[in-house]
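Residue numbers (the working numbering), protein chains in the order written: chain D, 1 to 529; chain F, 530 to 847.
Keep in mind the hints are simulated off the structure, nothing from the lab.
Please note that the accuracy of each hint is not assured.
Residues on chain D that point at chain F, a partial pick, calculated with CB under 7 Å [stated by the list, open to error]:
#1 Gly183
#2 Thr360
#3 Pro509
#4 Val510
Covered stretches of chain D (chain F as the covering partner; in silico rule of three or more C-beta atoms under 8 Å from a C-beta of chain F) [as the list claims (entries may be wrong)]:
#5 78-86
#6 167-177
#7 273-287
Ideal Cβ placement from N, Cα and C applies to all residues, glycine included.
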Amino acid sequence: MKHPANTWFAEKLGDHGIYTRYLEDHHPAHMPCLEIRILDWEQVAKTARQLSMRLVAVWAAEGGRHEQDAGMYVYMSFAHPEHRHVLLRTLLGNKREIPSISRHYIAASRMERHMQDMFGIDVVGTPDKRRWLKHEHWPEDTHPLLREFAADTEMAQTEGEYAFIKSGSDGVYEIPVGPVHAGIIEPGHFRFLAVGEQILNMEQRFGYVHKGIEKAMQGRTAMDAVRLAARVSGDCTVGHAWAFAQACEYAAGTSVPGRASYLRGVLCERERMANHIGDIGAICNDAAFSFMLMQMHRLREDMARLHAELFGNRLLMDTVVPGGISIDVDEQGCLKLITQTRELAAEVEHLRAIYADNPTIQQRVIGSGVVSIDDARDIGLLGFTGRASGDYPDERIEEAYPPYDDLDVSVPEGKLGDVATRVWVRFEEIADSARMIIRLLENLPEGAVRVGWKAPEPGISGFSAIESWRGEIACWLRFGEAGTIDRYFVRDPSVINWLGLELAVREVPVPDFPLNNKSFNCSYSGNDV
Amino acid sequence: MSVMASISVQLFQAVLLVLIAPLAAGFVSTCKARLQNRRGAGVLQPWRDLRKLFAKEVVMAEHASWIFRFAPYIVFTATMMAASVVPALMVDTPLSLTADVIALVALLALARFFLALAGMDIGTAFGGMGASREMTFSALAEPAMLMSIFVLSLGAHSTNLTTMINHTLNTPVMMQPSIAFALAAMVMIAMAENGRIPIDNPNTHLELTMIHEAMLLEYSGRHLALMEWASQIKLILFATLLVDLFVPWGIAAHADPGGVVLACVFWLFKLAVLFVLLALAETGMAKLRLFEVPEYLSAAFVLAFLGLITHYMLEVAV
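Turn these sequences into a full structure, and let the hints guide you.
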């Protein structure tokens, strides 16, 4: 193993007198899982916060094969820029209660609400008791992720209303937007409180694209399940499939051939380029600068067509599988990819000059929707949004999983945290991705692109963190009988980044919201899973 | 005899204006498409859209009152009447002799009033938001528009369009700084009044950024068609007004067929030039931030006012 076992956090907790037990059935060792007592739960979160670790995720799972009692376990995960990830878990008592850690990590709140909805776990001391993904028309006492709940249960309909934050003032104007929009975008509801045209508060309500992927994963083999994982969020399919595959491979101790990991890198960076290109066009279009949209669309379309030609799917779906990748590229394909990437990067630079030289669009993006560095750290903003605010978590550097251990990733370091900086970071990332794609393809190792997949023993769990174009995707899964998935948990970066958008638009006029929303472009589907 | 002829020219002109309004909108969007390296949907697309909308069923909001139902007809009629007041082909058409510029602005204000009422009538957040934006901006745009027209009225000693055009036609062509100011102001107002970039984006699907479209969101079928058509007529009306006030040369003085045909060619050519310029401007610009729109409109007012002052300072013979 390249990385040594990670004992840093366990030692730090030991200094605080907190006893931890290293779990042998969890992999990889450099992102260990520690069992702690429930009464230490909040103290651990507090300690992590003091050590400036960021929250990765909070989730729950019923006991697996290795656990004697079929109890309920709650997991949380933190990451430190130098000491990487650590997972912690604790066994709940009969009352199924857990102290909330939202006081230390605000981003935990929605994930705790999710546990509350789906497992019926009582989160004690949470600042927000409202339901999250489980909407009010679902009965209060159904908890769909429990084992006893059959996936084909006919759900009874109940009545209820979500308590949005209200303003007592007569001068405050409430604007409900969505989930049905005038344009073709994903469904989500935004509730604005505005005075005149100034936004006071924006509240999000999601769950309209809840697909039950976590439930649907159970009982599928890894090869079957990866197709589902690839569909968590369509624009981020390589990232999600890779996160799933890597978690499987860590759990099973499979090492992927060099050619496969190089090609995974190529696919992931191509996905990053395509999405950044598309989004920059869309951001400009939201300020009515549609010239950029049309040009960027054209470039993105070129990428999609080449993907369809070489990999059989415009969005690169179903390319990454546990054990490698499903399709190889020949020399000619490599050449096409290199040529196109090079041309695209040049064209984007040309368009960037047009964008940067146009005062009207610059006037719109500069200074709009600022997220300060402190806010970014409090939330733990991921990916390019974090980088725009001055916080630079990047798994390609921190964990440096292959192929990034052979590359030098350059992270653009923004600090203003406004729309302009987010666009700037995206332009920088396009250039850097293009450089890396060419580098990877020119040094592509020979050999197989896939090794045989052999599922691990029941009860073994794996964890992975992949830097997708939106930011880090965290994936935890545990195997059950006969190589099937027993529990799959994924945290799309959007789950955290949506909070950044809520903060960003507090000081902007109402018509600037779409511009800001697009500059984040969080996934609704990834959030709702 | 000549009365009959001028009435028929008036009718012909009004019908022509209403009929080619969708084509003009199509022309602008085709120009824009070409500037963005696209093929575009073609000049006829607005016509096809209108035909489709007229054939579609009208869906009414549950809480809609008669205002919502009648607004499209009032808006369309008022805009059409305003359009027939503006001489496009011949200087002294019967209607333009009866109605002056103030009546024209008032007709447009009437249309806007009902549009805003209809926006608020159904009680959706977007309708109210659009109406509030529209009224805020029009409170600034209308005085600026009148002011820039008054600059020309000062020379002509009239607010009647026919008299003003005659005055321009009969004075020797020379650089008048006041006219330049008035032109700049008028172009800015025309962009704002028609909901073009940089004030509003006619093609947007983002509810929160809309001004004009936000008020139409609940409309469907023939109601929507009338509303769309009215705004297309408004665009061509403003273009014609610009032509009339600043470059009227070529317009027919009498109702003789040859002159009218020639005037028609001149008019269409001038419109085409204006629309190409509009497409160029819209392609090269992003929308203004909402709070900068009042500044933009105030700038237009100030320009018109400067035109007024320069007229007294430089052009009035002592």
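Going down the list of hints, with the structure as the test:
no. : hint    : in the structure
1   : Gly183  : 3 Å, holds
2   : Thr360  : 4 Å, holds
3   : Pro509  : 5 Å, holds
4   : Val510  : 5 Å, holds
5   : 78-86   : violated (count 0)
6   : 167-177 : holds (count 5)
7   : 273-287 : holds (count 3)
Checked against the numbered hints above, the structure violates only hint 5.
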